[in-house]
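Novice: Position chain B relative to chain A; hints supplied.
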Amino acid sequence: MVFLSNLVNGISLGSIYAIIALGYTMVYGIAKMLNFAHGDVIMVGAYIIFCAAQYWNLPFIVSLLIAMAVCTLLGITIEKLAYKPLRQATSLAVLITAIGMSYLLQNTALLIWGANPKVFPDLMNLNTLQLFDGQLSIKGEILVTIAANIIIMIALTMFTSRTKMGKAMRCVSEDRGAAELMGINVNRTISVTFAIGSALAAIAGMLLCSSYPLLQPTTGSMPGIKAFTAAVFGGIGSIPGAMLGGILLGIIEILGKAYISTELGDAIVFAVLIIVLLVRPTGLLGKAVREKV
Amino acid sequence: MKKVLAMALALCLALTVCSALAEDLVLKIAHIGPQTGPAAVYGLATYRGAQIAADEITAADNGITIELLNEDDTHDAEKAVNAYNNVMEHGAQMIVGTTTTAPCIAVGAKAFEERVFMLTPSASSTDVTADKDNVYQLCFTDPNQGSASAAVISEKKLGTKIAVIYNNADAYSTGIYQTFVQKAAELGLEIVSTTTFTDDTTDYSAQVADAQNNGADLVFLPIYYTPASQILIAASSKGYTPVFFGVDGMDGILTLEGFDTKLAEGVMLLTPFVADAKDDLTVKFVAKYNELYGEVPNQFAADGYDCIYALVEAARKAGVQTGSPAEEICDSMIAAMQEISITGLTGTMKWSANGEVDKVPTAMVIKDGAYVGLEN
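Listed in order, the protein sequences are those of chains A and B. Residue numbers for the first sequence follow this note's numbering, beginning at 1 and rising by one. Residue numbers for the second sequence follow this note's numbering, beginning at 1 and rising by one.
Worth flagging that the hints you see were computed from the coordinates, not collected in a lab. None of the values given here were measured: they were computed from a predicted structure. Take the hints with a grain of salt, since some may be wrong.
Label pairs and their in silico Cβ distance ranges [unchecked claim]:
hint	chain 1	residue 1	chain 2	residue 2	range
1	A	ILE268	B	ALA353	41 to 51 angstroms
2	A	ALA155	B	ALA370	45 to 55 angstroms
3	A	ALA271	B	GLY258	50 to 60 angstroms
Which stretches of chain B does chain A cover? Using the computed rule of at least three CB atoms under 8 angstroms from a CB of chain A, they are [to be verified]:
hint	segment
4	28-42
5	186-193
For glycine and all other residues, C-beta sits at the position ideal for the given N, C-alpha and C.
Looking at chain A on its own, in the form it has when it is part of the complex:
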């Protein structure tokens, strides 16, 4: 029972990592860039929801929609201002820009909302599921997070395989030059990718802060890094891989803390990542792409 309860805690944490990892992997899969500012877009989304719900007393769904709209705009703006001019630059330059963007967002949030932490309100107001005479409790937020994960995963897979825009995304991901020659608007495709990734970030922010209700300008950074690890773990670029990687990472972290040592919790997570990458460099579900020489 103790093990089961730890497992539930692990899945809870993992489902949060998974939902953030989906955004990472989606942008990486198509634009082939690591958007390190993703964690901070999540933080902005969470703050918008906090303000909308707490200060303007808007209903929860409306707050979420506002946050999604704001994050989408923010994502497109970041892409236009910071990443687009670097389309032809080396991937290192883009990576450094993304890290810079991450700090810019954090410090802007510090200016706007101040550094005092805020406790995120319980917006979804869900009951806790009690099993085995209350020996095992599963928070309602967790079930919603897992459901959201599955829905988003299926929706993204459908979108990229069925719609015209989705197909364009896959083309861009495979060969940007050839896609352009075939008449695909590469810039627009990448912008749309960022828009979707950022809208997902708002949802992730809401779910992250509902489960772990502490909101401050650095809220997105550590979960962001862990989720990035999860995306690499599952095979970066692979949508089901992000979900699998996220959930496994959460379980490893919690079980490591519970049965080995709380002090080594994070060390265990990253050690597992290194081992997986040594054995399978493309991650669990990553495709090995042969480079033509």
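Specialist: The following block gives chain B in isolation, referenced to the frame of chain A:
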């Protein structure tokens, strides 16, 4: 035009003469503490308390004017050293600060080198004063807090099986934890679960589950209020309701924005100051603080307030003059500090040569969203 200039010049001269005649002792004291950032509650409180004390002394018209400089260190050691350099450039003679432990260790090392007298309202690690004759503490030391907590728990039989959750990336938390464990072993308290976290931790469910699974009926939290709030939330979602016992870092939990204070009901903590005490000094201070800042002061505000009175008392004894450079008065301040005894908001205090304060800790419990003495 010439006439106007002459008049102005004369006026200036007259003003200078006047101020020279009054011979007010002007003390330049600098406060350094976090006023933004995760520990902002503490730094704002110590600053506001110090400001109230400084205004009182200046207004009392007994020949002392306090000029209080203030810098924000955001609970960051590097920024704290910058803040220190800044106030020293502005001619600070002594320092109230820094409010939190890690920055205080950094600033203390620098102040020791440059011979600047420091009195920290609330940095409680022994590392703050260790090997530095010029750094004094107004709060209890961590060993003191750790062993006092164990003593209170044992004496009042608050719990038989104890869990400890502490931040192993933080000197303050680790310091209290170590002495708590020592004293608990002496007193025969059983510790059934010990878990840690760091500043980056998002999820506390594993720590709470460990305490719960080992059947702990009291959880000792020698940590700051921000992670404490998350632990209380995690415990409540698991339906786990042990006694939570915190130390002075727990102070602030009732003013955390958005936090449901019902979750803090029954939480116990050690603090030397209670805002609803009935003595004149406390009543006056609480009323003034409430009038200026619209909230009830916590113990950090009281610490800041007492710091100014202690420094003024010591400065008087040491014969500090207006504009005496900090490095010249440092040694006489150190000597004076060991001789004085003051009664402030946080009790009657005396200091020993190692910079530690001698006063009595009291245990409090949160009832209906306010602190009340554990005795009642």
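Novice: All hints, please: hold or fail.
Specialist: These are the hints, each one checked on the structure:
1. For the pair ILE268(A) and ALA353(B), the supplied restraint of 41 to 51 angstroms holds, since their beta-carbon distance comes to about 46 angstroms.
2. The given range of 45 to 55 angstroms is respected by ALA155(A) and ALA370(B), whose C-beta atoms sit roughly 49 angstroms from each other.
3. Between ALA271(A) and GLY258(B) the beta carbons are some 36 angstroms apart, a value that contradicts the proposed interval 50 to 60 angstroms.
4. Counting residues of the segment 28-42 of chain B whose CB lies closer than 8 angstroms to any CB of chain A gives 5, which reaches the minimum of 3, so the coverage claim holds.
5. For a cut-off of 8 angstroms, the count of residues in the segment 186-193 of chain B with a CB near a CB of chain A stands at 0, and the three-residue condition is violated.
Of the hints listed earlier, those the structure fails to meet are numbers 3 and 5, in rising order.
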